[in-house]
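Chemist: Mapping the sequence shown onto this note's numbering, position 78 (from 1) lands on 218, and the numbers just tick up by one.
Misleading hints may appear alongside valid ones.
To be verified - Each computed PhoX-like pair below joins lysine-lysine, with the alpha-carbon atoms no more than 25 Å apart:
id, residue 1, residue 2
1, K309, K332
2, K332, K348
3, K309, K370
4, K309, K375
5, K375, K348
6, K348, K370
Derived from the structure by calculation, the hints contain no laboratory data.
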Amino acid sequence: MAELCTNAEVLIRDVYFEGGDVLRCYEGRFRFSLEGQEPIEIGPGDALVVYPNQRVTIEALEPRNLILYAIFSGRDVAAYFDRFGFCNGIHGQASAQLEVFRKIRKHLETGDRTTDASSLATLMRDALTTYAHDLREGGNALVCDAIRQIRTNLENRIVRLEPLCAQLKVSRSHLHRTFRDAGLVGLSEFIKREQLRLSLRLLRQTTKSVSEIAYEAGFLSVTHFATFVKRRTGKSPRDLRR
141 MAELCTNAEV LIRDVYFEGG DVLRCYEGRF RFSLEGQEPI EIGPGDALVV
191 YPNQRVTIEA LEPRNLILYA IFSGRDVAAY FDRFGFCNGI HGQASAQLEV
241 FRKIRKHLET GDRTTDASSL ATLMRDALTT YAHDLREGGN ALVCDAIRQI
291 RTNLENRIVR LEPLCAQLKV SRSHLHRTFR DAGLVGLSEF IKREQLRLSL
341 RLLRQTTKSV SEIAYEAGFL SVTHFATFVK RRTGKSPRDL RR
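Given the sequences, and given the hints that come with them, work out the whole structure.
Modeler: Shown next as structure tokens:
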């Protein structure tokens, strides 16, 4: 966990993120280019979570730029953030929580024993919970609820829009418009990107067969799955495992 102050430059280019990255901009602007997604820009007050298992390019855009970031690792990172309704591209006016983050960073970097491991975990949980709440309230609650439900549905191999709209008690046109108003891609495209995210995670973190992964990601056939992955990443499912 650290702060980064920089001038206008490319900070990283096409780096593979195995862990999750939580970021909040305090000054300047940053552009994030993620695999299979349109570039995302954040400015002061904007927050962003970059999920694990993605290739990312990060650019600082102003003469002076300041960002606070934390990197999380482990197989359960994506599921942990999904619980809070985080997603790539939701911007909210998150409260600073800066003192909490600095206290945690001090403990991690210096081995400060004034805060024991249990207290540290509580600080982190409370900070993330508040951070998630602020994102949800500062952004769009329906979008957050929809994203969480989309991911739950994908776990149950449901990719159609009709069940989603019924679960949220809104019309398809209203939900699509809400996504657009929030600055996100269209609803169908978002679901496809979530299918890709799930597919990449299963390909890279499990030993399941390609046909099993195709089924779990909601595809009707392995051929359709292979074509989808190739079109989105430029590589076949088997190549992505090498």
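Chemist: What hints, given by number in increasing order, does this structure fail?
Modeler: 3 and 4
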